[in-house]
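Chains as they are written, first to last, in this note's numbering: chain A, 8 to 277; chain B, 8 to 277; chain C, 8 to 277; chain D, 8 to 277.
There could be a bad hint or two in this list.
Because identical chains share one entry, a pair is satisfied inside a single copy or across any pair of copies.
Claimed, not checked - Restricting the straight-line Cα-Cα distance to at most 35 Å, the calculated cross-link-like pairs of lysine-lysine (DSBU-like) are:
#: 1; residue 1: K274; residue 2: K205
#: 2; residue 1: K228; residue 2: K104
#: 3; residue 1: K228; residue 2: K239
#: 4; residue 1: K239; residue 2: K275
#: 5; residue 1: K228; residue 2: K25
#: 6; residue 1: K58; residue 2: K34
#: 7; residue 1: K89; residue 2: K205
#: 8; residue 1: K25; residue 2: K274
#: 9; residue 1: K274; residue 2: K58
#: 10; residue 1: K205; residue 2: K25
#: 11; residue 1: K205; residue 2: K104
#: 12; residue 1: K274; residue 2: K89
#: 13; residue 1: K15; residue 2: K205
#: 14; residue 1: K34; residue 2: K275
#: 15; residue 1: K104; residue 2: K13
#: 16; residue 1: K274; residue 2: K228
#: 17; residue 1: K16; residue 2: K275
#: 18; residue 1: K228; residue 2: K15
#: 19; residue 1: K16; residue 2: K274
#: 20; residue 1: K89; residue 2: K15
#: 21; residue 1: K34; residue 2: K89
#: 22; residue 1: K58; residue 2: K228
#: 23; residue 1: K104; residue 2: K19
#: 24; residue 1: K89; residue 2: K16
#: 25; residue 1: K237; residue 2: K104
#: 26; residue 1: K58; residue 2: K15
None of these hints come from the bench; they were simulated from the model.
Please read all numbers here as calculations on a predicted model, not as lab measurements.
Number of protein chains: 4
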Amino acid sequence: MIADGKVKKIRKVGVVYKYDSLGLARKVSAFLEERGIEVEQFHLPSTELEKYDFIVSVGGDGTILQILQDIERCPPIFGINKGRVGILTHAEPENFKERLEVILTGEVRVEKFMRLDCIVNDSRIHTALNEIAILTSEPARLIGMRVFVNDVEIEDMRADGMLFSTPIGSTAYALSTGGPIVDPYLPSILIIPIAPFKLGWKPWIVRRDSSIRVELHPERKALAVADGQKMKEVFPGDRIEVVESKYPAVFFESPVNRIARIADRLKKIS
Amino acid sequence: MIADGKVKKIRKVGVVYKYDSLGLARKVSAFLEERGIEVEQFHLPSTELEKYDFIVSVGGDGTILQILQDIERCPPIFGINKGRVGILTHAEPENFKERLEVILTGEVRVEKFMRLDCIVNDSRIHTALNEIAILTSEPARLIGMRVFVNDVEIEDMRADGMLFSTPIGSTAYALSTGGPIVDPYLPSILIIPIAPFKLGWKPWIVRRDSSIRVELHPERKALAVADGQKMKEVFPGDRIEVVESKYPAVFFESPVNRIARIADRLKKIS
Amino acid sequence: MIADGKVKKIRKVGVVYKYDSLGLARKVSAFLEERGIEVEQFHLPSTELEKYDFIVSVGGDGTILQILQDIERCPPIFGINKGRVGILTHAEPENFKERLEVILTGEVRVEKFMRLDCIVNDSRIHTALNEIAILTSEPARLIGMRVFVNDVEIEDMRADGMLFSTPIGSTAYALSTGGPIVDPYLPSILIIPIAPFKLGWKPWIVRRDSSIRVELHPERKALAVADGQKMKEVFPGDRIEVVESKYPAVFFESPVNRIARIADRLKKIS
Amino acid sequence: MIADGKVKKIRKVGVVYKYDSLGLARKVSAFLEERGIEVEQFHLPSTELEKYDFIVSVGGDGTILQILQDIERCPPIFGINKGRVGILTHAEPENFKERLEVILTGEVRVEKFMRLDCIVNDSRIHTALNEIAILTSEPARLIGMRVFVNDVEIEDMRADGMLFSTPIGSTAYALSTGGPIVDPYLPSILIIPIAPFKLGWKPWIVRRDSSIRVELHPERKALAVADGQKMKEVFPGDRIEVVESKYPAVFFESPVNRIARIADRLKKIS
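Could you put the whole structure together from the sequences, leaning on the hints where they help?
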């Protein structure tokens, strides 16, 4: 594999599998071990995975999102798709061997995708590849909030919630909320309300280096949710920030043009 | 007041007030008692209110929605607005006396607005003036469902939820979800997904006598919420129906043309 | 066939065909003539068609829309679909004989769908089954207008145009503009702006008996277009009204549930 | 003024005025001439303007868009707002003197905004600051087209048209069509259909260096319109491309934060 322009020798690989994919994970491990690579299998995400030369995820996009939740410095991820519409994966169960082979022979590059940090009162509480969502904690009860970009208020509304999405996330939760599809290589952050009780509003898309801040209206707490995986309560008065993480996600290059993959995924969820 | 075309003598009135409006409620009660009417004050909604000649609500639209939750046969409601954008109310604190006066002198008609029943496994669990919402019970987790109108499947999707709204409700939660504004006198039911994870979808608007049915996908339970007030869990396999209630809500005629009120309300939430 | 509850004897039928469907039209005519019915073939729409017992349209929905442009009192229409996604048609070229047979034997009812009149300065200029559109006459130049329902202003905006659609029309041009799908049997009129230069707006749906009026801003004329077929210029100062026509369109009953047809059509244009 | 990091001496300035702003234009010219600057007044846009040290536009955003139509190498533009909601202008008639003064003293920087070229069969036919629109040339008649990004088909639909917008243009025509608001400094291109006859679709936002291509369906020609100002016919079979222009627009720095200006503009068009 080629990372930062240099070919890197593969010594040990972590294989993470979704509960129903143990059989496939074993095949992957056997395949790698036959090539003299040390393999460790993980059922649950782990910070240990940072130490491996690369990670194989056996599951869907959700499995990759889970893995990333526990990782800062991210080894390259190779995803084998067992889910519905994988956009982060690199192979199907039928063809993972040939794809892995080219990685091992050093002919595949890695690429980085920005992640978002959610920082509350100066402590990072989440890092997300798709989106940080500030959501009502009580179904059918609106939360009110003001949103600032570089200290300029761009929105003040009551809604079910507010999404802050990466370009990669524009085909995830953001797709449900009226946001646009964003080229995954366009360095930017999407800001999209979820079911706002307001006549006039727009999704916003700002630069990756924007400093985004949320102020909850005084009457009600909310949940900060990362990639639909982890959630923490946030409270009126909290200083809630969403900014680019210094720890991007790292993937092997997609075997298919990314715009083509997105166009294909959109057809599948029509 | 004129109900069903007949002038009706007023003998006893229930006054329901929101926690912060006791002072105004006392003024209303005194005003009515001076005219020989028996008045009872309620802080909380009660089925007892069915027995009164009419009801005065001192609060916002939310107070009226709460009152209706506990009432089947609905006496005419007169709303004094202490909320943000009352669309169901008839007077402001400044002018309630003159408006009540015309009611007492028999010159005001009453009007009925359809409500929706939510029926689960043949038992009615909710009646709503604005909307029945089938919502995810876990923030940031989609629920899947199929929706049938007169046994024809019109939608099969995963979403944050699905709304079934009356015309009156089209300026409430339904407004947040991409639904149209519906003339409150058009007998119809709106069906609108909330943040659907699907590229192509549309709000639907069907006749009031439509039989609507929801089937949850097998993987996850949901919440059935009436007017954002009451919620119950519903489960995959449940037979969930939404139909017109045989108990409409009854209000005194609006002093302002209803289309004009809606246009005005829309400006306020721009 | 059964019209207004009475079985009616068929004596003469008009067959209207789209330019590329003459062959099929001849087969239809032969089929009817074999059963002793007098048949006249029309290539172009004609007011003459009012005099026939029923009309067979050989083409797509567009052919039916054209036929209706020239007809006030509408004989029942039977559509044979040669277009993309017929929602107004009753048969395909493969099965028209059996469908026509049941009409001739008197076992099919007719149904009526509301049309809209566009009245300018008290003269009717258009009647439309799908929609009346008030459009800019210059591409990329906005027109400004105010819209009134029963003399209440509900909208004042600049836009590419404004649509006034029947329920049947909700799957035609109205679908392109953010409007909802409306049950074809819900007596109502949709009002939807086309590309409005305004942050906050909503489609409206009002009762069939509403009196709708448009006032153009003084700076620019517009086009009034009926069903995408006929257009006339309208000018600032003109009194432009859209109301239910007293001449509904008449069709044989659809062989398929109409909600099911719409759901099917939506899938085809996903 | 400071261009490309260097302070530049001002010798001659072009003043362009909208037809109703001659009086103000004369005041501007007098103000500059008093400071020893050579001034030429223009009523109509002209390629001559390329030769001036900077340009003063007296009018609205539309005046600036017109000026830019005729200019490749763009001197810095200073806009005095006589229009509705100027987002490109720098001063109001009341305060233009103090703003011009700081330019003349060399304390104001210039900034560049990307423009889009529309290239047909390898010839540039338009350059636009806001958007290139491919529109139907016949009101109420759809055009069909396929859209490619870097030779990947992302859309195939029939619609009133398709917009290709810069970030600056996201508050212009693109705002009417369901597009997001884009940070004017995010180097990107928006692709948004206008009234598409299709159930599922999304606005796209791609990188500035994307190569965008449009193929018209065979049945109908269209119009290519730049900034609502200039239009040319395009035909099925034409090779229609939209790419970043090598000639950006140049403005003096906005006296107000650009995100704040946009948020303000959105409030004005609510």
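Comparing the hints with the structure gives:
1. For a Cα distance limit of 35 Å, the shortest separation of K274 from K205 qualifies both inside one copy, at 30 Å, and across copies, at 10 Å.
2. In the homo-oligomer, the alpha carbons of K228 and K104 never lie at most 35 Å apart, since the shortest distance is 48 Å inside one protomer and 39 Å across protomers.
3. With identical chains, the CA atoms of K228 and K239 are at most 35 Å apart both within one copy (11 Å) and between copies (22 Å).
4. Taking the closest pair of Cα atoms, K239 and K275 come within 35 Å of each other both inside a single copy (32 Å) and across two copies (33 Å).
5. In this homomeric assembly, K228 and K25 come within 35 Å of each other (Cα to Cα) both inside a single copy, at 33 Å, and across copies, at 22 Å.
6. For the homomeric pair K58 and K34, the shortest alpha-carbon distance inside one copy (22 Å) is at most 35 Å, but the shortest distance between copies (70 Å) is not.
7. Taking CA atoms no more than 35 Å apart as the test, K89 paired with K205 passes between copies only; the shortest distance there is 20 Å, against 40 Å inside one copy.
8. For the identical chains of this complex, K25 and K274 are neighbours both inside a copy (26 Å) and across copies (33 Å), given an alpha-carbon limit of 35 Å.
9. Within a single copy, K274 and K58 get their C-alpha atoms no closer than 38 Å, and across copies no closer than 48 Å, so neither meets the 35 Å cut-off.
10. In this homomeric assembly, K205 and K25 come within 35 Å of each other (Cα to Cα) only across copies, at 25 Å, whereas the closest approach inside a single copy is 40 Å.
11. Taking the shortest alpha-carbon separations for K205 and K104, only the inter-copy value of 33 Å comes in at or below 35 Å, while the best intra-copy value is 51 Å.
12. Both within a single protomer and between protomers do K274 and K89 lie at most 35 Å apart by alpha-carbon distance, with minima of 19 Å and 27 Å respectively.
13. Within a single copy, K15 and K205 get their C-alpha atoms no closer than 53 Å, and across copies no closer than 40 Å, so neither meets the 35 Å cut-off.
14. When the C-alpha separation of K34 and K275 is checked against a cutoff of 35 Å, the pair qualifies only within one copy, where the shortest distance is 29 Å, while the shortest distance between copies is 41 Å.
15. In this assembly of identical chains, K104 and K13 lie within 35 Å of each other by CA distance solely inside one copy; the values are 23 Å within and 58 Å between copies.
16. Proximity of K274 to K228 under the C-alpha cut-off of 35 Å is restricted to the inter-copy arrangement: shortest distance 27 Å between copies versus 38 Å within a copy.
17. Taking the closest pair of Cα atoms, K16 and K275 never come within 35 Å of each other, the shortest separation being 37 Å inside a single copy and 51 Å across copies.
18. In this assembly of identical chains, the alpha carbons of K228 and K15 never lie at most 35 Å apart, being 47 Å within a copy and 47 Å across copies at closest.
19. Taking the shortest alpha-carbon separations for K16 and K274, neither the intra-copy value of 38 Å nor the inter-copy value of 50 Å comes in at or below 35 Å.
20. Taking the shortest Cα distances, K89 and K15 sit within 35 Å of each other inside one copy (28 Å), while across copies they are farther apart (62 Å).
21. Only within a single protomer do K34 and K89 lie at most 35 Å apart by alpha-carbon distance; the minimum there is 14 Å, versus 54 Å between protomers.
22. For the homomeric pair K58 and K228, neither the shortest alpha-carbon distance inside one copy (38 Å) nor that between copies (39 Å) is at most 35 Å.
23. When the C-alpha separation of K104 and K19 is checked against a cutoff of 35 Å, the pair qualifies only within one copy, where the shortest distance is 17 Å, while the shortest distance between copies is 69 Å.
24. Proximity of K89 to K16 under the C-alpha cut-off of 35 Å is restricted to the intra-copy arrangement: shortest distance 28 Å within a copy versus 63 Å between copies.
25. Taking the shortest alpha-carbon separations for K237 and K104, only the intra-copy value of 33 Å comes in at or below 35 Å, while the best inter-copy value is 54 Å.
26. In this assembly of identical chains, K58 and K15 lie within 35 Å of each other by CA distance solely inside one copy; the values are 14 Å within and 55 Å between copies.
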